[in-house]
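Position chain B relative to chain A; hints supplied.
Going down the list, the protein sequences come from chains A and B. Residue numbers are given in the UniProt record's numbering: position 143 of the first sequence equals residue 143, and the series is strictly consecutive. Residue numbers are given in the UniProt record's numbering: position 99 of the second sequence equals residue 99, and the series is strictly consecutive.
Hints are not guaranteed to be accurate.
Label-pair restraints from in silico Cβ distances [claimed, not checked]: (1) PRO120(A) <-> SER178(B): 16 to 24 Å; (2) VAL206(B) <-> ARG14(A): 51 to 59 Å; (3) ARG32(B) <-> PRO120(A): 39 to 47 Å; (4) ARG190(B) <-> GLY168(A): 12 to 20 Å; (5) GLY168(A) <-> ASP31(B): 26 to 34 Å; (6) SER8(B) <-> ASP98(A): 53 to 61 Å; (7) THR46(A) <-> ASP156(B): 56 to 64 Å; (8) ALA73(A) <-> ALA73(B): 34 to 42 Å; (9) ASP65(B) <-> ALA19(A): 45 to 53 Å; (10) GLU126(A) <-> ARG32(B): 24 to 32 Å.
Calculated cross-link-like contacts (lysine-lysine; reagent style DSS-like; alpha-carbon spacing at most 25 Å) [unchecked claim]: (11) LYS56(B) <-> LYS112(A); (12) LYS112(A) <-> LYS56(A); (13) LYS112(B) <-> LYS112(A); (14) LYS56(A) <-> LYS112(B); (15) LYS112(B) <-> LYS56(B).
Listed below are several chain B residues computed to face chain A (Cβ distance under 8 Å; list not exhaustive) [to be verified]: (16) ALA115; (17) ARG190; (18) THR191; (19) PRO193; (20) ILE195; (21) TYR204; (22) ARG205; (23) PRO209; (24) GLU213.
Just so you know, these hints were derived from the structure itself, not from any lab. Given the structure is predicted, the values throughout are model-derived calculations rather than measurements. All C-beta atoms, glycine included, are put in the ideal place defined by N, C-alpha and C.
There are 2 protein chains.
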Amino acid sequence: MDDAKQVSRGEQTRALILATAMRLFEERGYDRTTMRAIAQEAGVSTGNAYYYFASKEHLVQGFYDRIAAEHAAAARAVLATETGLAERIRGVLLAWLDVAAPYHRFATQFFKNAADPDSPLSPFSEESRGPREAAVALHREVLAGAGVKAAPELADQLPRLLWLHQMGLVLFWVYDRSPDCARSRALAARTAPLIARAVAASRYRVLRPLVRELTDLLDDFLTPGRRR
Amino acid sequence: MDDAKQVSRGEQTRALILATAMRLFEERGYDRTTMRAIAQEAGVSTGNAYYYFASKEHLVQGFYDRIAAEHAAAARAVLATETGLAERIRGVLLAWLDVAAPYHRFATQFFKNAADPDSPLSPFSEESRGPREAAVALHREVLAGAGVKAAPELADQLPRLLWLHQMGLVLFWVYDRSPDCARSRALAARTAPLIARAVAASRYRVLRPLVRELTDLLDDFLTPGRRR
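Next up, chain A with everything else stripped away, as it sits in the complex (with noise of 0.2 Å):
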């Protein structure tokens, strides 16, 4: 009893520094927040605050896993309930966009960090690991639970191909000045159903030779450890 309260305590800190981090990053920039500042808005220790994150990206890491979660959590109705690709794939975008609103303002300033692909803050970065893998197997069961199939030979990427997809989303959404990021939903909403479209073109014999090829593509450039 005493152990799951202490944890659950700790949880709440570490949740309550976290909040605090974003509400300083988007108010006074990421670059100038520091961890004393954060510590001390938190109201907690400079020392307690290093104990839950070692850095401040670190800080970012744990934002990024937040979101991953509340969005594996957001899109549950619509893998429960839709069985069209085009619906699935619709369903699980919006379902980002929606989970990621409220952060819309700091994405833009904080996007600077993470678009170099060496930065730990980058998607494609090693750190990142944990949020993207959580983000291209919410895809695989996209893919997994409707009815039009890929084909057999693009299966394995396609997965990630969908969160490749999704990256592309994130970055027209970081600059996306249209009231309630209406553009980004109304892309999301048309790239769907275009893609559900080739993953089931992707069968057909005559584009036998174009899948192949991009699938060897996808093997070289998208597939981290798999690079020669």
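For chain B alone, coordinates are given in the frame of chain A:
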């Protein structure tokens, strides 16, 4: 005669200021380089520098214009000799990587200013229309001189789609740390035949609904001015 000499001397001064600016941007960073420092290094008065370039943003626009002109010139040989679509696409992309190679370090540190589509330095901005349309025209030529033809409904947007692919390659290149940007070159070489295949496939009857949906999407999201 005197007028011609005047123009030529003016062009020389303009080129000198531009070259000096690029060097200082790379050495000191874009944000920390002032027009005054650029003028001083170039050996002209600050007023003279402002006569040629109204702001630092205009210097970068001048840089874009120059890259676009150099790229068009470098692509000539490929466009005059190659007739295969894959070869033409690959040649034009590799020509860009060659022309841009001396500015690779500058591009990395500069990218954060250009990533925002609302910045005048973005390749999508109103201010970048000149070099953007020059690049689109180059891709129009790539397609026009090739044996393979796209589906008629797609033909109109296809040069712009090739340009968007080039922008994707540029984004990849900006963060490419491989020696001599070998990975960017590989990506250009590998995606070119894939695109050529996809262009040819766009004429298949069975893909008509997919092509139509893609064309509609491009009309709505990719054509400036036609935006809803």
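Hint-by-hint comparison with the structure:
Take PRO120(A) and SER178(B): their Cβ atoms lie about 20 Å apart, and the range 16 to 24 Å holds. Between VAL206(B) and ARG14(A) the beta carbons are some 53 Å apart, a value that agrees with the proposed interval 51 to 59 Å. Remark: the range hint 39 to 47 Å for ARG32(B) to PRO120(A) is contradicted by a beta-carbon distance near 25 Å. Distance hint for ARG190(B) and GLY168(A): a CB-CB separation of about 19 Å, consistent with the stated range 12 to 20 Å.
Range check, GLY168(A) to ASP31(B): about 28 Å between beta-carbon atoms, so the 26 to 34 Å window is met. A hinted range of 53 to 61 Å for the beta carbons of SER8(B) and ASP98(A) is consistent with their spacing of about 59 Å. Taking 56 to 64 Å as the suggested C-beta distance range, the pair THR46(A) and ASP156(B) conforms, at roughly 59 Å. For ALA73(A) paired with ALA73(B), a C-beta distance near 55 Å fails the hint of 34 to 42 Å.
Look at ASP65(B) against ALA19(A): about 47 Å separates their beta carbons, and that is inside 45 to 53 Å. A C-beta distance of roughly 31 Å is found between GLU126(A) and ARG32(B), which places it inside the suggested range of 24 to 32 Å. For a cut-off of 25 Å, the pair hint linking LYS56(B) to LYS112(A) stands: about 20 Å separates their Cα positions. Between LYS112(A) and LYS56(A), the direct Cα distance comes to roughly 15 Å. Compliance with the 25 Å bound is thereby established for this hinted pair.
At roughly 5 Å between alpha-carbon atoms, LYS112(B) and LYS112(A) fall within 25 Å of each other, so this suggested pair holds. Between LYS56(A) and LYS112(B) the CA atoms are separated by roughly 20 Å; this keeps the pair inside 25 Å, and the hint holds. Taking the CA atoms of LYS112(B) and LYS56(B), the gap is near 15 Å; set against the 25 Å cutoff, the hint holds. Residue-level restraint check for ALA115(B) holds (minimum Cβ-Cβ distance to chain A is 6 Å; threshold 8 Å).
Look at ARG190(B): its Cβ gets to within about 5 Å of chain A, closer than 8 Å, so that hint holds up. Restraint check, THR191(B) versus chain A: the minimum CB separation of about 7 Å is within 8 Å; hint holds. Taking 8 Å as the C-beta cut-off, the interface hint given for PRO193(B) holds, the closest approach to chain A being about 7 Å. Hint on ILE195(B) is violated. Least Cβ distance to chain A is approximately 10 Å, over the 8 Å limit.
Given hint, TYR204(B) at the interface with chain A, holds; its Cβ is 6 Å from that chain's nearest Cβ, closer than 8 Å. Interface hint status for ARG205(B): violated, as the beta-carbon distance to the closest one in chain A is roughly 10 Å, over 8 Å. For PRO209(B), the interface hint holds, the least distance from its beta-carbon to any beta-carbon of chain A being 7 Å, beneath 8 Å. Proximity of GLU213(B) to chain A holds as hinted, the smallest CB-CB distance being about 5 Å (cut-off 8 Å).
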